[in-house]
Amino acid sequence: RKEVEQDPGPFNVPEGATVAFNCTYSNSASQSFFWYRQDCRKEPKLLMSVYSSGNEDGRFTAQLNRASQYISLLIRDSKLSDSATYLCVVNKVGGKLSFGAGTTVTVRA
Amino acid sequence: GAGVSQSPRYKVAKRGQDVALRCDPISGHVSLFWYQQALGQGPEFLTYFQNEAQLDKSGLPSDRFFAERPEGSVSTLKIQRTQQEDSAVYLCASSPDRLVQETQYFGPGTRLLVL
Numbered sequence: 216r217k218e219v220e221q222d223p224g225p226f227n228v229p230e231g232a233t234v235a236f237n238c239t240y241s242n243s244a245s246q247s248f249f250w251y252r253q254d255c256r257k258e259p260k261l262l263m264s265v266y267s268s269g270n271e272d273g274r275f276t277a278q279l280n281r282a283s284q285y286i287s288l289l290i291r292d293s294k295l296s297d298s299a300t301y302l303c304v305v306n307k308v309g310g311k312l313s314f315g316a317g318t319t320v321t322v323r324a
Numbered sequence: 386g387a388g389v390s391q392s393p394r395y396k397v398a399k400r401g402q403d404v405a406l407r408c409d410p411i412s413g414h415v416s417l418f419w420y421q422q423a424l425g426q427g428p429e430f431l432t433y434f435q436n437e438a439q440l441d442k443s444g445l446p447s448d449r450f451f452a453e454r455p456e457g458s459v460s461t462l463k464i465q466r467t468q469q470e471d472s473a474v475y476l477c478a479s480s481p482d483r484l485v486q487e488t489q490y491f492g493p494g495t496r497l498l499v500l
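Heads up: the sequence lines are chains A and B, in that order. Here the first sequence is numbered in our numbering, starting from 216 and rising by one per residue. Here the second sequence is numbered in our numbering, starting from 386 and rising by one per residue.
In short, the hints are calculated from the structure, not lab data. For glycine and all other residues, C-beta sits at the position ideal for the given N, C-alpha and C. Treat the hints loosely; a few may be bogus.
To be verified - Derived pair list, reagent style DSSO-like, types lysine-lysine, alpha-carbon separation capped at 30 Å:
1. Lys217/A with Lys463/B
2. Lys257/A with Lys399/B
3. Lys294/A with Lys399/B
4. Lys260/A with Lys463/B
5. Lys463/B with Lys442/B
6. Lys217/A with Lys442/B
7. Lys396/B with Lys257/A
8. Lys294/A with Lys463/B
9. Lys442/B with Lys294/A
Unchecked claim - Per label pair, the in silico range of CB-to-CB distance:
10. Lys442/B with Gly273/A: 35 to 41 Å
11. Gly273/A with Leu500/B: 27 to 33 Å
12. Gly269/A with Ala405/B: 41 to 47 Å
13. Thr233/A with Lys399/B: 47 to 53 Å
14. Asp292/A with Leu500/B: 42 to 48 Å
15. Ser241/A with Leu440/B: 22 to 28 Å
16. Lys442/B with Gly231/A: 43 to 49 Å
17. Pro229/A with Leu440/B: 45 to 51 Å
18. Val415/B with Asp254/A: 26 to 32 Å
19. Arg449/B with Glu271/A: 43 to 49 Å
20. Ser412/B with Thr233/A: 37 to 43 Å
21. Val397/B with Lys257/A: 31 to 37 Å
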């Protein structure tokens, strides 16, 4: 079983829509959680860290549920530029980052 | 400022050939990571350096893979006797601190194709 599992999608949504997706992680010792964004044939870039209390960054909201070991990302008022693959990333203290395979989001005009 | 750079950006190798991939981290970054990303997958950890010390090489898939960072800055990932299954994008990332969970900044990757 992979350490981080994501629904690969694709999620095809119209501009202005809200889209949300989750990832699950298997290691209960995981301490740090992130969402990275990866555009086609580009390197991953940090979108946001995920905190236990949940956090927002503009149109993006991340939630963490430690009991159920899942992380969510919600994108409000989708823009064409939000089209990308979103990578869920977790790690434990002193450990290496574990990446999910990514969820593909396509926003259409 | 300058980000993480990698060279070459693209490499085509014949099966059995040795290759060397270079990573120039952001200046002053203590930690350096190598990842392998196959098509349609997320990056998979290969190895991690803190300055010149290789602290974790548990992700290297075989003894054909070797990485070094002799002066604590530039790093080289070497793959000996390449196989077709080595075809992937090799990503390098650096971070400013010793904490693995700090934000990692990725380079553009080297796209390796083994024929």
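(request) Quick one: which hint numbers does this structure break? Sort them smallest to largest. (result) Violated hints: 3, 8, 9, 11, 21; rest satisfied.
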